[in-house]
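K.L.:
Starting from the known structure of chain A, arrange chain B on it as the hints suggest.
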Amino acid sequence: MAQLIIKDMLLQRKRLIYFTLFYNVFAILILQDFFLPYLVAGIVVPYIMLQTALAYEEMNKSEIVINSLPVRKEKIVLARYLTIFIYLLISILCYSILTFLMNLFNLPLAGEPVSLAGIVVIFVGIGIIVSIYLPIFFRYGYIKGRVFHTVFTVAALILPTVAVKIIGENPELPGRFVVEDLVGVRTGIILLLLTLLILTISFNLSVWFYKKREF
Amino acid sequence: MSAILEVDNLRKEYRDFNLNVSFSLERGYLMGFIGPNGAGKSTTIKLIMNLLKKDSGAIKVFGLDNVKNEIEIKQRIGFVYDQNYYYDELTVEEMKGIISRFYADWDDELYRSYLKIFDLDPRKKIKELSKGMQMKFSLIMALSHHAELIIMDEPTSGLDPIVRRELLQILSEILQNENKGILLSTHITSDLDKIADYITFINQGRIVETTTRDFLLENYGVVRGKKELLMQTDKGLLIGVKENEFGFEALVKDKARAREIFGDKIIIDKPTLEDIMYYQIDGKVV
Chain A
10 MAQLIIKDML LQRKRLIYFT LFYNVFAILI LQDFFLPYLV AGIVVPYIML QTALAYEEMN
70 KSEIVINSLP VRKEKIVLAR YLTIFIYLLI SILCYSILTF LMNLFNLPLA GEPVSLAGIV
130 VIFVGIGIIV SIYLPIFFRY GYIKGRVFHT VFTVAALILP TVAVKIIGEN PELPGRFVVE
190 DLVGVRTGII LLLLTLLILT ISFNLSVWFY KKREF
Chain B
79 MSAILEVDNL RKEYRDFNLN VSFSLERGYL MGFIGPNGAG KSTTIKLIMN LLKKDSGAIK
139 VFGLDNVKNE IEIKQRIGFV YDQNYYYDEL TVEEMKGIIS RFYADWDDEL YRSYLKIFDL
199 DPRKKIKELS KGMQMKFSLI MALSHHAELI IMDEPTSGLD PIVRRELLQI LSEILQNENK
259 GILLSTHITS DLDKIADYIT FINQGRIVET TTRDFLLENY GVVRGKKELL MQTDKGLLIG
319 VKENEFGFEA LVKDKARARE IFGDKIIIDK PTLEDIMYYQ IDGKVV
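Each protein sequence line maps, in turn, to chains A and B. In this text, residue positions in the first sequence follow the numbering used here: the first is 10, and each later residue adds one. In this text, residue positions in the second sequence follow the numbering used here: the first is 79, and each later residue adds one.
Keep in mind that a hint or two might mislead.
[Claimed, not checked] Here are the computed lysine-lysine pairs in the BS3-like style, where the Cα-Cα straight-line distance is at most 30 Å: (1) A/K70 - B/K132; (2) B/K132 - A/K82; (3) B/K202 - A/K70; (4) A/K220 - B/K146; (5) B/K138 - A/K70; (6) B/K348 - B/K333; (7) B/K304 - B/K348; (8) B/K132 - A/K84; (9) A/K220 - A/K70; (10) A/K153 - B/K124; (11) A/K84 - A/K153; (12) B/K205 - A/K153.
[As the list claims (entries may be wrong)] Covered by chain B, according to a simulated footprint, are these stretches of chain A (three or more residues, beta-carbon under 8 Å): (13) 16 to 22; (14) 76 to 84.
Simulated from the structure, these hints should not be mistaken for laboratory data. Glycine included, C-beta positions come from ideal geometry on N, C-alpha and C.
Same shape as in the complex, but just chain A (with noise of 0.2 Å):
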């Protein structure tokens, strides 16, 4: 299952630098004075990244490589679903190097720094999303699975907009706020556990789609 893991690392390792690179310097420029930009960082970049592989891997049509493999079908999906942890702990590493470094050099754009509480959301936020989408993947494949991409996306620029929106009509209500009013200590346990077990049921019914799926 690393060598799944591995595989998809080795086809993105330049555009998994420079995306994740390009898209931090974008949050913390662009949405640091509206919102917490490692929101972007941890939930919208590892999202980007998977879309990217698994339309390489569309493009290449290698599900029937990987399926002729001796390899479970589980590995496979598990493989999938672990594979956004890790573009989430390089997306998240990323800014957080680039927001020490910011605010070591004293630039008045420095970043946001990633609390106990933003890691709670963005653990929540990934998971659901990821939850979502890969058993429609599995069931239906790239190109039609592009239905829910299309809607995460639009959802993806509604979304900032409205909370910038609210925020600048609510200027004693900053975004950081929110967040931290959200997720006390016992909230967030339970919203991360709430999250496992979504998780978990999502796995299971991306391997029953995927044991079905014919290539």
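P.N.:
Chain B only, in chain A's frame:
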């Protein structure tokens, strides 16, 4: 010796196509799986590889059910695809690095020896390889883990004659080991005229013939004669009758019987596999 591959009453239904096939391959032999485009060759192979789900029937590889024992079977199968499905952004070496770790019996020394034989540069990206080279790479991946059964789906289509000969030479060498078997699907039947031990001929989802190549070439014949002879023949003797202003030509399954009926009034030629396929697909039976 036991069958390395047994396909028994395998069925798969689509809206406009039904497959229903049975055949088996013994260890130590190469079976040519021939038929026109759309006959069901790739569907059958994908069913064997469990890439498609069968509706009914049984597929046994090494005596094991191909679905229940999928992982164990795939450890011992080398699969060559009809086109390049490998990641074209990766180099040959990187792709090997990924694939090899899935196989318990991967032999890196053997892999390097095939690279030399096929003159393949491991530093090249797969997209930089010609179609022939991509096919050679696919073959190397199938051969470097000591696979007992090699399944090849149209490996020679699109290859130049030199590469095709090299490929066939390698396959002949593999069969020096009597424990192995090869199923090679193709519509270029001339590839099989020399190396196939068995021929399974499929058309419109049904097996037309599955027997030894020698039996086919010794018993079948292409007959030519005058049109009036068509009146004296046994029903069903002549297959794929083609008439022209000088007479007729057709395929016969039993050339001894044809000689018995027509005597010296006909000419009987030894058929190629292409003749056998062509007449059975295209012509009328008299």
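K.L.:
Hint by hint, note whether the structure agrees.
P.N.:
Consistency of the hints with the structure:
Straight-line distance between C-alpha atoms of A/K70 and B/K132 comes to about 22 Å, which keeps the hinted pair within the 30 Å bound. Restraint check for B/K132 and A/K82: satisfied, since their Cα atoms lie roughly 18 Å apart, inside the 30 Å limit. Simply put, B/K202 and A/K70 have alpha-carbon atoms about 20 Å apart, close enough for the 30 Å limit, and the pair holds. Of the supplied pair hints, the one linking A/K220 and B/K146 holds, its CA atoms being roughly 12 Å apart against a limit of 30 Å.
A threshold of 30 Å between alpha carbons decides the hint, and for B/K138 with A/K70 the separation of about 27 Å falls inside it, so the pair holds. A C-alpha spacing of about 9 Å is found between B/K348 and B/K333, which places the hinted pair at or below 30 Å, so the restraint holds. This hinted pair checks out: B/K304 and B/K348 have alpha carbons roughly 19 Å apart, not beyond 30 Å. A distance of roughly 23 Å separates the Cα atoms of B/K132 and A/K84; the hinted pair therefore holds under the 30 Å criterion.
For a cut-off of 30 Å, the pair hint linking A/K220 to A/K70 stands: about 18 Å separates their Cα positions. Pair hint A/K153 plus B/K124 holds up; C-alpha atoms about 22 Å apart against a cutoff of 30 Å. Among the hinted pairs, A/K84 with A/K153 is consistent with the structure: their alpha-carbon atoms are about 23 Å apart, no more than 30 Å. A distance of roughly 27 Å separates the Cα atoms of B/K205 and A/K153; the hinted pair therefore holds under the 30 Å criterion.
A count of 3 residues in the stretch 16 to 22 of chain A with a Cβ less than 8 Å from any Cβ of chain B is obtained; the coverage claim is therefore met, three being the minimum. With 6 residues having a Cβ less than 8 Å from any Cβ of chain B, the stretch 76 to 84 of chain A passes the three-residue criterion, so the hint holds.
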